[in-house]
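There are 2 protein chains.
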Amino acid sequence: MSKGVLGTNVVTQVGIIVKNIEHTSQTFADFFGVEKPPANLTDTLDKAQTKYNGSPTEARAKLAFFDMGQIQIELIEPDENPSTWREYLDTHGEGVHHIAFVVKDMKGTVAKLESRNMPLIQKGEYTGGRYAYMDTFGDLKVILELLENDNGGGEGN
Amino acid sequence: MSKGVLGTNVVTQVGIIVKNIEHTSQTFADFFGVEKPPANLTDTLDKAQTKYNGSPTEARAKLAFFDMGQIQIELIEPDENPSTWREYLDTHGEGVHHIAFVVKDMKGTVAKLESRNMPLIQKGEYTGGRYAYMDTFGDLKVILELLENDNGGGEGN
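Quick mapping for you: the protein sequence lines, in order, are chains F and Z.
Sequential numbering of the first sequence, starting at 1, is according to the UniProt record's numbering.
Sequential numbering of the second sequence, starting at 1, is according to the UniProt record's numbering.
Extracted from the complex, chain F is given alone in its bound form:
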């Protein structure tokens, strides 16, 4: 069933930028009474093919995922290289960076958003799928992340 521009309105993830993922993951785990998940580093440029504002970037981030009911909370610790993660930390400080949706047609969905003046901010590959952050802030007051998984599932960056 087609639902609006994305084909879905199901939020799968809330992404939070943090300075110190080990510390904040432990705090989350203690607070919510769950195990501390591993903090995994995103892939290097050759594999992740990360592009930020149209240019390749060496930027990587440490990611940790918490299952919080039907959504995940993703903690993200950026490195010093240029990325939407680093930019957010430098300009806003820690806090909620994006909400995520799993889409079926990444290329077509990115094109649809761009035609509505919601440009691509950053994109990259991860094992089993790819992501795109779209600049929807002016319209929706939050950045959207699109996730396309080769197996159709809900996990992702």
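It is worth saying that the hints were derived from the structure and are not from the lab.
Keep in mind that a hint or two might mislead.
Copies of the same chain look alike in the list, so a pair counts if it fits in one copy or across any two.
Here are the simulated lysine to any residue pairs, SDA-like style, with alpha carbons at most 25 Å apart [stated by the list, open to error]:
1) LYS112 <-> GLU35
2) LYS112 <-> ASP30
3) LYS141 <-> PHE31
4) LYS19 <-> ASN81
5) LYS141 <-> ALA39
This structure is a prediction, so every number in the text was calculated from the model and none was measured.
Given chain F, work out where chain Z should sit, using these hints.
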């Protein structure tokens, strides 16, 4: 089953502060292919018993709720009176203000958080329940809203 400090880790809501709820609600509705929900004003002080930073406040807000999968997105347009909503808009601008959890024992849960140096920011009543915003930002990098509903359900401010 007890899960951590809150007794739950199920996120039920993401709250976004906006300047113009009519405009942003229409944009959300168009984007996600759903009907524009009504924007309802919170109750007056006599009924809502709103307290912000320990003092009663006349503050009210217009609220609109979107069902986005298993969570709601709540749009919040504050009035000019002192509130966590107004403070957020004045200091951060528009954006994600909180994530919400439904709790069973509001009084006990607020006390537990306060004992962990997570003070109450604002609280109030709505038809069928009550809410409390807790200053968890330093630890969890996001404000938590606690919702207690007299019928045990998930709707709320």
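Hint check:
1. Only between protomers do LYS112 and GLU35 lie at most 25 Å apart by alpha-carbon distance; the minimum there is 21 Å, versus 39 Å within a single protomer.
2. Only between protomers do LYS112 and ASP30 lie at most 25 Å apart by alpha-carbon distance; the minimum there is 14 Å, versus 41 Å within a single protomer.
3. For the homomeric pair LYS141 and PHE31, the shortest alpha-carbon distance between copies (13 Å) is at most 25 Å, but the shortest distance inside one copy (28 Å) is not.
4. Taking identical chains as interchangeable, the C-alpha atoms of LYS19 and ASN81 lie at most 25 Å apart only when both belong to the same chain, with a minimum of 14 Å there against 33 Å between chains.
5. Proximity of LYS141 and ALA39 under a CA criterion of 25 Å is satisfied inter-copy only: 17 Å between copies versus 28 Å inside one chain copy.
Of the numbered hints stated above, none is contradicted by the structure.
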